[in-house]
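Those sequence lines, one after another, are chains A and B. Residue numbering for the first sequence follows this note's numbering, beginning at 1 and increasing consecutively. Residue numbering for the second sequence follows this note's numbering, beginning at 1001 and increasing consecutively.
Any given hint might turn out to be false.
[Said to hold, decoys possible] Covered, in the sense of this in silico footprint (three residues per stretch, anywhere, with C-beta under 8 Å from a C-beta of chain B), are these stretches of chain A: (1) 81 to 92; (2) 269 to 277; (3) 280 to 288; (4) 497 to 504.
[Stated by the list, open to error] Distance windows between CB atoms, simulated: (5) Leu-1063/B with Glu-219/A: 42 to 52 Å; (6) Leu-1067/B with Leu-483/A: 14 to 24 Å; (7) Trp-199/A with Leu-1134/B: 52 to 62 Å; (8) Arg-1060/B with Ala-148/A: 57 to 67 Å; (9) Ala-161/A with Val-1112/B: 41 to 51 Å.
Please keep in mind that the hints were generated in silico from the structure rather than gathered at the bench. Built from N, CA and C at the ideal position, the CB exists for glycine as well.
Below, each chain spelled out in residue letters.
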Amino acid sequence: MNSAYAVSAVTLVCLATLVIGAVGLRLSRTTSDFYVASRVVSPGWNAAAICGEYLSAASFLGVAGLVYTNGVDMLWYPVGYTVGYLVLLVLVAAPLRRSGAYTLPDFAEARLESRAVRLMASLLVVGIGWLYLLPQFQGAGLTLATVAGAPPWVGRTVVAAIVLAAVGAGGMRSITFVQAVQYWIKLTAISIPAFILLWAWARGGQPAPWDAGGGTLAEWSRPLVDHGPRQHATYTTYSTLLALCLGTMGLPHVLVRFYTNPDGRAARRTTVTVIALLGAFYIFTPVYGVLGRIYLPSLGAGVRADSVTLLLPQAVVPGVLGDVLGAVLAGGAFAAFLSTASGLTVSVTGVIDQDLIDPLLSRHIGGDTTRIQQFRIASVVAVAVPYVASSVTPEVPLADIVGLAFAVAASTFCPLLLLGVWWPRLSVPGAAAGMLTGGLLASAAAIATMFGVGGSGWAGALLAQPAAWTIPIAFAVSVIVSLATPSRVPAGALRTMVRLHAPEALTGAADPVA
Amino acid sequence: MTPGRGTGAGPEPGPGEVPHRVRVTAPQRDARRRADRPSRSAELAQQTALGEIYLAALLRAQLRLGLAVLSVAAVVLAGIPLLFLLVPQVATTRIGPAPLPWVVVGLAVYPVVAFGARFYVAQCERLERDFVELVSQQ
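Construct the complete structure from the given sequences, taking the supplied hints into account.
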């Protein structure tokens, strides 16, 4: 394989990100101020920006890898990533926008009027953000190893360094336009090679991967069949779907994007467009897994299934065309790592800076460090922890780690948001106990899975996809503790509920908090 | 901030082209109409007994709509694997060259979800419009 094309494509994407990060400081002073001040981003652009940040390593490489290994059941992953936005739309989009909260800790504090719950939400944002950053770094290492033969730490370091530089320079984050363009880059990079490879397959006359001869279907292509290490397929399918549907609303980098909508009504319309745009992307990702079954019957020892998207072009159309398509895919994959990683890093950095470093520093040092220095220290912490973790944790398939991040989010923020938005009797101890229980159970399961505890029996299945039992437990704890502590319902709960649900036309304010 | 420059996402004037004059307005264009009914909105915000009843009604209606949409989605989504499990022939049926599960889960689900989302938004906006009318009629 000629790696020159791929290395050029990756370099191009990285340079573009750095340049945008460098001018981001100047741009964001005008653009972002302008956006937040009058919030005039149209739902179409905003939706593309949300998708640009959302489509990560798991979407770009991980889904194809899972389909390649485990077959048709894995198609539920992208469905879950998409349906998560339907749940978000129906249950929380407009009320969250009307709450005026910029981050999840902001919402927790606004709704429950408690610093303790805010701190808890902050710690959770950091934890979920780190868990989600981990596969972005691993995916980058894998990509450069696959297309250029570099050792895995090279890709990890490149992404960590670029994200740190871009975020430290002023954050490419605030620029909606840039993230929106990222979506269209990724859609182009995944769809055009898919069409060409499908065309080559149709011309080549190779059999379909699901034909096992005699008109029967291969085991791989039949739904809910246990095979290999993945047992209890029915439970795993349902639990995964639940985690993805309910976890999206609790991801640290999702909520902040809704803030650029002018009002709750626009927040809803944005979400509808997000669902359409995500669907358009996700119909292409399984193509790589399916064609991989035909053209890459075995991957060789030590090659991860996550690299099937990158290896496929050379296998289908060897030569220059294969190199070029491989380069397009590698560039698109890097766009995915960089945009998701910088979105997550800004969210995690903001929380570390505001809620963790700030209270500590002001107590011990007083006003000794400047704001910007402190923000940069926070961004180093935000990147360093998952960077180090990505080199010491064993290699779990990318989409599986992201699935665990969704499970933790669904077991903690989902009860907080749903009960907070719809149930006036949620009390401070109730919210805290629910988040704590769900968070501890889901993260214990996540850590156990990453280190291979549980094996392939029922215990392994329950730990690998814990959402089906952790979410109900978290909800139950929240509700029971709230009912037991009616005196600790925040005093302004009803007033907050009015603000969350009253249509803008009535309250007469685009932003009721400002 | 430069007024009239648009969002940055909108069409920018090309080089040598005179920028269009743009009227700069506040986001709420119906501010005058709204000024006719300050008492009712103030009431809601101040959480008087009447406002509370109105809002509880809206809350219930919205929650009912949301849960209805989600129930349909849950039945459809959870029903697909269940159907494969209970009626194995469905799982091995083909649509053209591709097995039915691949076509349904990989392709057909997305437009259905998008349609459901559009339906929800239309219904939800109708609910809120009715509510605003009800409150301002008094």
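Results for each hint:
1. 81 to 92: holds (count 8)
2. 269 to 277: holds (count 5)
3. 280 to 288: holds (count 4)
4. 497 to 504: Per the Cβ count (6), the hint holds.
5. Leu-1063/B with Glu-219/A: 42 to 52 Å: holds, 44 Å
6. Leu-1067/B with Leu-483/A: 14 to 24 Å: This hint holds: roughly 21 Å between Cβ atoms.
7. Trp-199/A with Leu-1134/B: 52 to 62 Å: Given a distance of about 57 Å, which is inside 52 to 62 Å, the answer is holds.
8. Arg-1060/B with Ala-148/A: 57 to 67 Å: holds, 59 Å
9. Ala-161/A with Val-1112/B: 41 to 51 Å: holds, 43 Å
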